[in-house]
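Student: Residue numbers (this note's numbering), protein chains in the order written: chain A, 427 to 762; chain B, 427 to 762.
If you're looking for bench data, these hints aren't it; they were derived computationally from the structure.
Do not rely on the hints blindly, as some may be mistaken.
Claimed, not checked - If you want the footprint, here are the derived chain A segments under chain B, 3+ residues with CB under 8 Å:
#1 432-442
#2 491-498
#3 604-612
#4 631-641
#5 720-734
#6 739-752
For every residue, glycine included, the Cβ atom is placed at its ideal position computed from N, Cα and C.
Protein chains: 2
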Amino acid sequence: MTNPILVETLRGDVVENRHRGAIAVSDASGRLLHGWGDSEALVYPRSAIKTLQALPLVESGAAGHYRLSAAELALACSSHNAEPEHTRTVHDWLLRIGLDDDALECGAHAPLHDGTAAAMIEKRQAPGRIHNNCSGKHAGMLTTARHLGEDTRGYIAREHPAQQRWFDALGDMAGVDMRRLPWSYDGCGIPVIAMPLSSIARAFARVAAPDDLPAARGDALEHITSAIGEQPFMVAGSGRLCTEIMRLTGRRVLVKTGADGVYTAALRQSGLGIALKIDDGTREAAEVAILAVLRRLGALQVDEVEALAARCRMPITNTLDVVTGHRRPAAALDDD
Amino acid sequence: MTNPILVETLRGDVVENRHRGAIAVSDASGRLLHGWGDSEALVYPRSAIKTLQALPLVESGAAGHYRLSAAELALACSSHNAEPEHTRTVHDWLLRIGLDDDALECGAHAPLHDGTAAAMIEKRQAPGRIHNNCSGKHAGMLTTARHLGEDTRGYIAREHPAQQRWFDALGDMAGVDMRRLPWSYDGCGIPVIAMPLSSIARAFARVAAPDDLPAARGDALEHITSAIGEQPFMVAGSGRLCTEIMRLTGRRVLVKTGADGVYTAALRQSGLGIALKIDDGTREAAEVAILAVLRRLGALQVDEVEALAARCRMPITNTLDVVTGHRRPAAALDDD
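Can you build the whole structure from these sequences, using the hints too?
Tutor: Next up, the structure:
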C-alpha cells in the first residue's frame, strides 16, 4: 500500500518536497475512526510513547515514595531540550534517590536547544548523558528500579525488569503482545518495539478515555497527564511544538513527538487517540501533519489554531530572510 | 506518477524510513537511457548545477583576465564547508578583483563544517556572508560582472546580467527555455529555476561528452572540469561525499550535490549525465542513491566502491555508538 502525500513544501509556486505517511485515529475500543494510508504497518513509536513508559513509575509506588514533583513526572515523559531547567531538575532528582548523573546509561548528545548547545561550546563543556533528551525517562526507570530494590546497573537491557515493566504496560494499553513484535535499540539505548500504528493510536485513546481501565491504571494516568498538563515546558522546551500546543491546551490535547517523523496525541474531549508516522522520517512534516489532523478532528479551538498559525503552514525563509515558500498539509489532509 | 522507493533505512530488521524519488540518465543527445520514476517532473536543481553556472565566468574571459587558479574556479562551482581554506581563498580572490567580503549579497549562515562552526562559536564570531556555502559561486558572478564593467551591486537580482548569463548557458546545455520555466529564490538569494529532471541530466551528459559543442564551450568546460578534478576539496570539504568521490575519481566521475535531495553527475567515460531528486528532500538518501546509480552504471571501479563502502550502505549508530541499522538502496536501485 502506498501511503498518501500528507505534507508538501513549496518553493515559489512549485512543490519542491513531498512527505508521505500514515495516520490512525482510534477510540478506546480499538475502532479505527479515521485513517490515512496503512494504519496496520509496523512502526517504531520511538519517543512518542514516553507517557506510557512512565506508567510503572507511578503504578509501582515509586513516584509516591520519592514524592516526585509534577516537573519530575513531566520530565519522565519528555524529550527535553536540555535547557538548564531540564538538566538541573533531572540532576537534583537523581541525587534525591541516592544516585547521580553517572547512573544514567543513555549516551551523550548535544542539547536539542541550539542556544544551550552553543553556550556549552563557548564554555568548552562536552555534552554528558544528562543532556540526552531522554535523560528524564531514564531517571524515571532508575527511580522505579531503586524503589523496588533492583540492581540499577544495566537497567537499559531488554531483560531488565525496568524494560519488561513498560512492555507490559504499553502492550496492555495497545492490545498487543510486545514480546512477539520485532525490536531493536532506540537512540538512547533502551529497546524499541515496532508496533502496528493502529495499536499505538488505541493506546492513546485509552489515555484520553481511561474510564474502562482498572482504577489503579486510571489513577496513574490521571497523575501523569495532570503533571504534563501543568508542566508542558518540561516535556520539550523553548520553541518546541509539544510545549507550544500544551501551553495552550493543557492535557485536553496531549501530544508527543517521536524521532523519525512520529507523533501521538490523546484527545480528552472526544476520547480519541492519534498516531502518525511520516514515511521518510522528517520531523517538520510530522509537526505539520499532527496539527492538520488536530484541526480536522476539531480538537483545537479557533484561538489555538490562530496562535499556532505559523506552525500549521510553516514559512520557509532563506539566508536573506526572504520567504521562499511554505510547508503545508497536502490535499489529503487539508481542510481549508 | 508515484516515484519508486529508492532508499530505505532499517532499524533492526524493520524498515523505519522510506525515500522515494526520480532519476534520469541521459546521453548528450537527450536520449533517456535509464530512468526511475517521473523523469519529466519539474525539479529545482539548487546547487547541483553550479558547474554550469560558472560557464560565463570562463566564457566571458573573466577567469583568464583575473588569472583564476584551479582552486578559485573549483570554489566557483562549490557548496563549500567554509573551512578556513575555503573562506581564505574566496576572501583573497575578492580582494584581487578590487572588491571585498561586503560585495557578496548572499545571506550569512554557520559553516557547514561542524568543527569550523564550533570554533567560531568558541571565539564568539558570528558567521558572515563569506561562510555561506555559495560564496564561491557569488565570487564568480562578481568576477564576471566586474570584468564586463557592470555595476556589481544588485547582481543577485533576476534581471541582472550576472543571472541572465547563466540562464542562457544552462538553458543551452539543457535544451530548455529557462525564461519560460517557473522560478523562485534559492537559499543564497539568487533565482532558482524548476527544470525537467531529464533536461538537467542532459546538460550533464553534454559536460561529460562535449565533442558536439561549439569549441569555445568545450574549452570552457575543459577548463572548469579540470579545475574541479584537481581541487575536489574546494568543491565541498572535509567529510563531504562530493569531495570523497572526486578525490578517488577526479573528473572521470564529476558529481555535485544540491539542497533538498538533489544530485547530478557527469560520467566522462560513458558520456552520460545523471540527475536525481529525492521526493522528500533528504540529503543522506540522495547520497546513497547517487552511489547506487554510479555502481549500476559501472562508473566506479572496484577499489573505489570499496573505499566508499560505508557511504553506499551507511551504518546508523545511536548515542551509545551501537549500530542500530543501515541506510541502503531499496530493491529498485540495489544491484547486489
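Student: If a hint holds in the structure, say so; if it doesn't, say that too.
Tutor: Evaluation of the provided hints:
1. For the segment 432-442 of chain A, the assignment as covered by chain B holds, since 6 residues bring a beta-carbon within under 8 Å of that chain's beta-carbons and 3 suffice.
2. Figure legend: the segment 491-498 of chain A, annotated as covered by chain B; annotation inconsistent (0 residues with Cβ-Cβ distances under 8 Å, at least 3 required).
3. Only when three residues or more bring their CB closer than 8 Å to a CB of chain B does the claim for the segment 604-612 of chain A stand; here the count is 5, and the claim holds.
4. Look at the segment 631-641 of chain A against chain B: 0 of its residues bring a Cβ nearer than 8 Å to a Cβ of that chain, fewer than three, so the hint is violated.
5. Against chain B, the segment 720-734 of chain A contributes 0 residues with a C-beta closer than 8 Å to a partner C-beta. That does not satisfy the three-residue criterion, and the hint is violated.
6. Check on the segment 739-752 of chain A: 7 of its residues sit with their Cβ under 8 Å from a Cβ of chain B, so the three-residue criterion for coverage holds.
In this structure, the hints that do not hold are numbers 2, 4, 5, in rising order.
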